[in-house]
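**Q** So you can see what is in the structure, the chains are spelled out below.
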Amino acid sequence: MAFPRPRPARPELPQRRVRTLECAQGAVRAVRFNVDGNYCLTCGSDKTLKLWNPHKGTALRTYQGHGYEVLDAAGSFDNSQLCSCGADKTVALWDVATGQVVRKYRGHAGKVNCVQFNEEATIIVSGSIDSTIRCWDCRSRRPDPVQVLDEAKDGVSSVKVSDHEILSGSVDGRVRRYDLRAGQLYSDYIGSPITSVCFSKDGQCALAASLDSTLRLLDKETGELLGEYTGHRSTAYRLDCVLSEQDTHVGSASEDGNVYFWDLVEGSLALSLAVGRGVVQSLAFHPTLPCLLAATEGQVQLWREETFQPEGDAA
Amino acid sequence: AAAESSDSEEEDLASYGTALHPLQEGDRIKKPVPLQEQTVKDAKGRYQRFHGAFTGGFSAGYFNTVGTKEGWTPSAFVSSRQKRADRTILGPEDFMDEEDLSEFGIAPKDITTTDDFASKAKDRIKEKARQIAGVVAAIPGTTAFDDLIGPSKITIGVELLRKMGWKEGQGIGPRVKRKPRRQKPDPAVKVYGCALPPGLSEGSEDEEDEYQPENVTFAPKDVMPVDLTPKENVHGLGYKGLDPSQALFGVSGREHLNLFTGGSEDTSNLLGDLRHSKGRKLGITGQAFGVGALEEEDDDIYATETLSKYDTVLKDEEPGDGLYGWTAPKQYKSKKRSEREVKYIGKILDGFSLASKSSTPSKIYPPPDLPRNYRPVHYFRPVIAAGNENYHLRKALEESTGKLESDTTQQSRHALNASQRRERLGETGLKGPAPSVLEYLSEKDRERLKEVKQASEQQMKAKILPQQSRNSRFQPASPDDASHKWQMLLGGQLANAGSSDFKPFARNPEKQKRYESFVKSLKQGEKDTLEHYLDPSMTEWERGREQEEFFRAAMFYKSSNSTLSSRFTRAKYEDDVDKVEVPRDQENDIDDKETAVKMKMFGKLTRDKFEWHPEKLLCKRFNVPDPYPDSSIVGLPKVKRDKYSVFNFLTLPEPTTSVTQATNEKIQQNNSLNKAKKPSRWDVSDKEKEKKDSISEFISLARSKADVQQQPPVPATEVCGTGSSETLPTEVTDEDKDQEEESRPSMDLFKAIFVSSSDEKSSSSEEESDEEQQPTTSVIDSETTKQVDLPDSSLSNVQENVVATADPGVSLLPTSKQELDATQEFGPKLPPAFSSGRFCRLLVRKEKHRKNREKHKTKREHKHKKEKKKKHKKQKNKGKHKNKKSEKDSSSDTADSSDSLSDTDTTGLSPKELLRR
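Residue numbers (full-length UniProt numbering), protein chains in the order written: chain A, 1 to 315; chain B, 1 to 917.
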């Protein structure tokens with residue numbers, strides 16, 4: 001005899017600003033959680049990459065080695081390595097502990113906008129303004145990419161990698177999904193330059209933010225439009241979009257200094273967080289908790305749900 | 001007070017142990033040695049490191065050298081004056097390390113069992129020799145004692161044999177009763193004190209027979225192992241050097257030196273040294289003078305001295321050769337053998353026997369009989385170079401030698417070129433048509449080459465014809481003179497000229513035909529025939545020019561083409577110049593999708609699905625099976641498409657280098673069109689006309705000539721072959737056109753010209769045909785059509801730009817045109833290869849055509865033209881404008897860069913451009 005399951009708690013959204021990290025590394029180009037959400041990486045315009053514990057607000061390490069501003073970063077599944085990319089056209093693979101550059105991949109012809117590890121951190125996928133996505137091998141010492149995905153007609157602004165897919169959004173207004181298992185390339189036309197794409201947690205949908213100030217939720221298989229979310233402003237910057245930890249909400253940064261959350265199903269604006277006066281450049285949503293990192297100007301803010309009690313404060 | 005008190009305290013203290021040395025002032029307190037500097041040293045203070053190279057462990061020395069940090073140093077110099085006595089001679093051991101002398105080193109000093117005692121491990125032959133020696137020795141069986149002493153590790157086989165009664169040195173088998181030996185030669189003449197001649201002593205055992213009793217059986221003779229000692233010296237077979245012990249000392253008295261020992265040698269070989277000392281073969285021991293001091297062994301000391309050892313009878317010496325110790329061949333010693341040996345002078349070596357059949361004597365070929373008058377002296381005929389100066393000399397020589405040699409074959413081989421050598425050697429030429437190298441060059445390179453050529457040729461010409469150089473450009477040289485001079489110039493070089501490959505006038509088949517026949521005639525040496533081949537309809541001036549052109553072409557071809565062509569070969573796999581690889585599946589039309597997006601009909605309408613081949617390694621890294629395990633494709637499958645399809649080049653940058661036959665044909669067609677119909681005045685912009693005044697001086701000069709030149713299809717073609725006068729005449733024709741168009745502005749003509757010229761300007765020619773069908777409409781269309789720009793790559797300023805340059809359909813009006821000129825002049829980026837002036841000119845001259853083309857070029861997606869037009873109209877209705885101008889820039893860049901090249905060829909240069917030059 002099974003008890004009826006307890007009704008799942010109503011999903012909460014981060015609403016309280018818990019902490020503000022002053023990164024002191026120029027403008028924060030991107031902020032990213034690590035794989036379990038305990039740490040975060042900030043990419044600075046002063047060529048540095050910093051590792052933080054955002055929950056405690058401590059800076060753990062600074063990684064120096066890029067030749068120009070760092071535009072994106074990602075951590076490996078085992079937290080042993082980092083990859084980052086920057087305007088110096090390189091993709092760097094870092095050792096977390098030593099802080100050394102393990103490898104640098106040169107080959108992109110322009111700024112590298114986005115970078116991702118694959119599931120096992122054996123491949124780094126990077127998308128660049130040179131309209132290519134390059135897959136770099138972390139295992140071998142090969143200097144060339146394993147494969148170059150040059151189908152995009154314009155710069156690649158965002159790349160996400162699942163276990164067998166590479167999702168990319170590019171400025172030519174298309175969301176491309178390379179399915180390695182099926183050997184297919186699905187290209188969905190959105191029209192407006194894509195600034196950010198992301199998979200939903202269930203892997204069924206793809207969220208695409210574009211410069212027409214719209215977020216679109218697409219069915220991954222068919223390319224049908226499942227939802228459209230507007231209300232924010234996104235016309236010039238490469239702004240991030242996120243899905244909440246349970247896929248209940250869709251969030252996006254905005255040029256008006258706010259972060260907006262919409263209900264995924266209804267499409268209604270659920271929340272807007274006033275982060276700052278400037279453009280909110282980057283967002284990162286915690287993988288398991290209602291916890292948001294928002295980067296604006298030179299700082300990163302940690303937002304938690306209303307009921308959150310910080311441990312340090314409690315003690 | 002304080003000091004005193006401290007003193008008193010110290011006195012009170014009792015001290016135990018040894019006090020530390022008081023620290024001296026200035027001395028530093030020694031720091032403990034850090035861990036990384038602590039090292040392990042061996043007994044001698046050498047660093048011990050694991051090494052493993054030679055002695056399997058610690059380093060053999062200091063960094064692989066001798067065991068000091070300084071390396072090897074010779075033992076310090078010691079004056080020999082004082083220490084002469086105790087100067088020691090150093091052996092290798094003195095330089096060895098301790099480890100080397102230890103048990104596992106290279107020179108162990110520990111006591112070990114030596115070979116002699118290690119029993120089984122003995123040398124087999126030595127063993128055998130020992131055994132034999134034991135048998136042979138004075139006391140037979142002495143070796144048995146050795147066996148007693150040595151550790152008896154005898155093989156089981158030997159042990160078994162022994163138990164069966166076998167003794168060492170015996171053979172194996174049933175005992176035999178030996179017959180009395182063959183008769184001794186003469187017991188009576190037994191010689192004491194001298195060894196028997198070896199031929200007589202057959203073997204040790206034979207000798208024993210002397211004493212054998214009748215009823216005793218003997219073990220069979222042991223098998224003598226074969227002598228396996230390799231020959232290591234360079235002496236003759238069987239030679240043994242002089243043994244001083246034999247030659248000088250005790251032995252000499254009783255035994256002749258026996259360098260080539262005879263048949264009994266087999267044992268002596270085995271016995272080795274034993275033979276001389278104790279290997280006495282004879283029972284007779286005769287030793288007159290005791291044992292020498294240098295005799296190693298003196299077992300014969302106690303030999304009985306009997307009278308029988310001495311000669312009792314006077315008789316001739318035993319036939320010794322008297323060559324004491326020398327290696328000369330001996331005389332025969334054995335009479336028995338003598339009959340056999342008569343045939344063969346010298347001794348038969350051990351292990352050899354005389355052949356029963358004599359080998360066939362080797363043939364001898366006598367030298368040839370010399371002719372009676374042969375003089376064994378060689379004199380060198382002087383080589384006369386084939387020249388006119390020494391003609392007489394040569395002739396005289398030839399007469400003297402009696403044969404006339406053709407001077408062509410008399411050339412030195414260094415003067416030949418590759419093809420001549422090939423002919424002489426009878427080799428076949430390179431397979432396939434020897435192509436002109438020029439074919440491999442890009443258009444630009446050809447152009448450059450040509451210019452260089454021209455320059456050099458003009459220099460040459462200036463030298464040859466100083467009197468004509470001034471006005472030869474416009475005055476035709478008289479054909480006779482010209483042909484003569486050129487023939488002289490070309491000389492025999494024309495051999496290959498005019499062969500099928502080199503077509504300098506390929507663009508103009510008629511001219512090419514004329515050229516070929518001209519070359520043919522030139523080869524045959526005709527001088528006046530040129531007149532026949534030239535176009536009779538041409539003016540004299542033109543003919544003269546063309547003739548010169550032909551000469552130059554022939555010359556040019558010869559010098560660069562034939563010499564180089566043989567060194568190049570055609571590519572095995574022709575790379576498709578006309579084809580490019582294009583993704584098989586293209587994302588189809590945006591416009592459909594645009595509308596779908598507008599209607600929010602995402603899904604099938606907005607989705608493109610492609611076959612995509614991931615790299616195998618990528619699949620591996622993603623832990624995903626390769627979806628196409630058999631395919632070698634990576635990425636999107638590609639197909640080859642025609643290179644000059646506009647659908648390919650809407651996105652790709654147009655290559656500027658290659659101009660193919662297709663375009664050439666187009667140009668020709670264009671030329672013929674020009675010939676048929678006069679260009680309209682609309683082709684020339686007002687600006688250009690304005691410029692005319694400023695260059696009137698030049699024009700007037702050109703015009704005077706141009707009147708003569710009617711409509712030669714020259715300009716496009718002459719570029720290739722000649723070129724010295726290239727620029728001028730083309731300009732002339734251009735001006736010519738300008739003049740004429742003013743007089744006859746006919747609309748349908750205009751249309752025709754317009755069509756053809758727009759065609760000409762795009763090197764991607766075929767695809768324009770669609771457009772040509774509706775030229776007039778498209779002119780208007782292009783200006784009024786609104787296009788939706790593709791998103792700009794820069795994110796920061798993707799804003800909708802409405803370009804306000806919408807030109808009304810009445811753009812033929814000069815005023816509006818000028819406006820447009822102005823905008824376009826500044827707008828587009830300049831292609832890097834061309835000067836701004838040129839570019840502007842192009843803009844001016846072709847603005848109308850560009851308007852036409854723009855529309856097509858701007859499209860990035862590949863699609864059919866007509867579809868596109870529909871789309872344009874659709875969009876026009878929607879009225880969405882974007883950034884049209886930047887589009888124009890990018891598209892016109894590519895168009896112009898390719899156009900301008902062909903343009904210079906086809907239509908020549910405009911006066912405006914000339915000015916800017």
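Take the hints with a grain of salt, since some may be wrong.
With a cut-off of at most 25 Å between alpha-carbon atoms, the simulated DSS-like pairs for lysine-lysine come out as follows [as the list claims (entries may be wrong)]: (1) A/K104 <-> B/K616; (2) B/K600 <-> A/K153; (3) A/K160 <-> B/K609.
These are computed hints drawn from the structure, not numbers from a lab. Just so you know, these numbers come straight off a predicted model, no measurement behind them.
**Q** Take the C-alpha atoms of B/K600 and A/K153, compute the straight-line distance between them, and say whether it is at most 25 Å.
**A** 23 Å, holds
**Q** Would you mind confirming whether the straight-line C-alpha gap from A/K104 to B/K616 stays at or under 25 Å?
**A** 23 Å, holds
**Q** When you check the alpha-carbon spacing of A/K160 and B/K609, does it fall within 25 Å?
**A** 19 Å, holds
The structure meets every hint from the earlier list without exception.
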